[in-house]
Structure formats: C-alpha cells, structure tokens
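Given the sequences, and given the hints that come with them, work out the whole structure.
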Amino acid sequence: MQNIRILTAGDSSLLVEFGNEISPAINKKITTTLNLMREQHIEGVVDVIPAFCSLLINYDPRVISYEELKDRMMGLVKMEGQTGQDRKRIFEIPVCYGGEYGPDIASIAAHAGLSEEEVIRIHSSRDYLIYMLGFLPGFCYLGGLDERIHTPRLANPRIKINAGSVGIGGSQTGIYPLDSPGGWQLMGMTPVRTYDPGREVPILLEAGDYIRFVPVDEAEYKRIKESVERGEYQCIVHEGEV
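Residue numbers 304 to 545, in this note's numbering, belong to the letters of the sequence shown in order.
It should be emphasised that the hints constitute simulated quantities derived from the structure, not laboratory data.
Some hints could be false.
As the list claims (entries may be wrong) - Derived lysine-lysine pairs resembling DSSO-like cross-links, with alpha carbons at most 30 Å apart:
hint, residue 1, residue 2
1, Lys-331, Lys-391
2, Lys-528, Lys-391
3, Lys-525, Lys-463
4, Lys-391, Lys-381
5, Lys-391, Lys-463
6, Lys-373, Lys-331
7, Lys-381, Lys-331
8, Lys-391, Lys-373
As the list claims (entries may be wrong) - Quick list of the computed label-pair ranges, beta carbon to beta carbon:
hint, residue 1, residue 2, range
9, Met-377, Gly-534, 39 to 47 Å
10, Arg-526, Asn-465, 16 to 24 Å
11, Ser-474, Glu-532, 29 to 37 Å
Every residue gets a Cβ at the ideal spot worked out from N, C-alpha and C, and that includes glycine.
Shown next as structure tokens:
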C-alpha cells in the first residue's frame, strides 16, 4: 500500500489516492482497482469515478458504512488482480485532418516548424492512454502527445467548437464530445461520437483505454459519418498486452 491513502470525502464518499503524479503506472493501479471493484460488486457502492491519481467512490451509508468500505478497499488495493488489467483496448478513431475540418492545422505546423503532413504523421503515430474523463461527458484526458507538436491554446477561445473536433491544447490532445466553447487549436474532426445520450452506453471510452487516431480523407469521413448516423458504425478495437 505504499503511497496509497484512503480518505473520507464527505458523508457518502471515499477517496483512494494512489500518488501525486500523472503516470501510466498509477493509471494502471487505478484501473486494476476499478476492475476488481466491478468483479466484487460491493453492495452499497453507487458510483466510481477515476481521476489522474485517485478513485472517488460514492456510496450509500444506509447500506455500507465508511469503515466497512474502507476495509474492503484496503483489501482490494493490496491485490495484484488477475482481472484483465494487464490487457488494453485500443480504439481506432478516424480523423479527417486539415481544411474545414482542422482550421488551425497550419498554425500548429508553423509553431512546430513542420509541414502539415508531418504534424498529421506525428499525431497519428502513437497510442494515447486515457487517464480520466471529465470537463464534458466523454471528454478524454489523454497522455503521450509528442513534444514536437505541443501548441499553445488560442489567445481568444472560440464560442463554439463542433462535436468531434480533434485539437491540441498545450501538451494535450483530445476530442470534443459535444458542441462547446473551447480554446484548443483544431487540427481535424472525427465522425465518431464519443458521447451519444441515445446509446445504451452513452460514453464510448473508459479511463485506461487507448486511442489511436487514423487519418482518413473527406470521402471516407463522410461515409463513416453516414454509417454513424444510421447507428451502424462500430469502431475497430484492438486488444493486447499492456
């Protein structure tokens, strides 16, 4: 239990702190604990919310007490866990880069001293770990953006960014799941809906999953978009060892 603390967070919440840094190792511990909790179906637990370095557990104190839940969690965080935490899911997210879909890609390239093609190649050349979700439903906080394309946020944020926009804000990259204001520099757009309130599971991705951005041309973007709108599109998902 080194560096792990279990704290009260109000009269019906418990916080498990796994450290004080953002790292794949800590993310793996959080994902492991989350998987173990799902397997054990702890009675009284209402919701579990993973973050960069912690796990917030909301519970019903009429069903389980703080001390009982704390004891259960102390046992879980000590377990190595053989519940799939050593495997990862990689979601392929198609992106149409540049043009009307990515109006800031020229600025991103200029800031990096690269061509637009090089920026696209770099951005789509690695898998991004989802550390946590927040800000908006389905908004993923990703790790692993190549330092060469770190780009400052816009000096004047846009009033509206369309859902599906893919952008860079400082050292982070991500997808806007809903129409919203925002200050990230936009490099492309995906037709995939990472959040859809009409789906049985509205949020497509989970903390601990990975995203792989895949460049597509405009024709392919429109084909996928039509498939998404018909409710027929399924993301390609790869599973492998962490």
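**Prompt:** Under the criterion that the straight-line Cα-Cα distance not exceed 30 Å, is the pair Lys-381, Lys-331 satisfied?
**Reply:** Answer holds: Lys-381 to Lys-331 is near 14 Å, not above 30 Å.
**Prompt:** Is the Cα-Cα distance between Lys-528 and Lys-391 30 Å or less?
**Reply:** Status holds; Cα separation ~26 Å.
**Item:** Beta-carbon spacing of Ser-474 to Glu-532 - inside the hinted bounds 29 to 37 Å or not
**Value:** For Glu-532 against Ser-474, whose Cβ atoms are near 34 Å apart, the range 29 to 37 Å holds.
**Item:** Outcome of range test on Cβ distance (Met-377, Gly-534; 39 to 47 Å)
**Value:** For Gly-534 against Met-377, whose Cβ atoms are near 44 Å apart, the range 39 to 47 Å holds.
**Prompt:** Does Lys-331 pair with Lys-391 here, judged by a C-alpha cut-off of 30 Å?
**Reply:** holds (10 Å)
**Prompt:** Regarding the pair Lys-391 and Lys-381, is the alpha-carbon distance no greater than 30 Å?
**Reply:** holds (21 Å)
**Message:** Need the status of pair Lys-525, Lys-463: alpha-carbon distance at most 30 Å?
**Reply:** holds (22 Å)
**Prompt:** Under the criterion that the straight-line Cα-Cα distance not exceed 30 Å, is the pair Lys-391, Lys-373 satisfied?
**Reply:** Given that 30 Å is the threshold and the Cα spacing comes to 28 Å, the pair holds.
**Request:** Given the hint of 16 to 24 Å, check if Arg-526 and Asn-465 actually sit that far apart at their C-beta atoms.
**Result:** holds (19 Å)
**Message:** Next pair to validate is Lys-391 with Lys-463; report whether the Cα-Cα distance is within 30 Å.
**Reply:** violated (34 Å)
**Message:** With the threshold set at 30 Å, check whether the alpha-carbon distance from Lys-373 to Lys-331 stays at or below it.
**Reply:** holds (20 Å)
In this structure, the one hint that does not hold is number 5.
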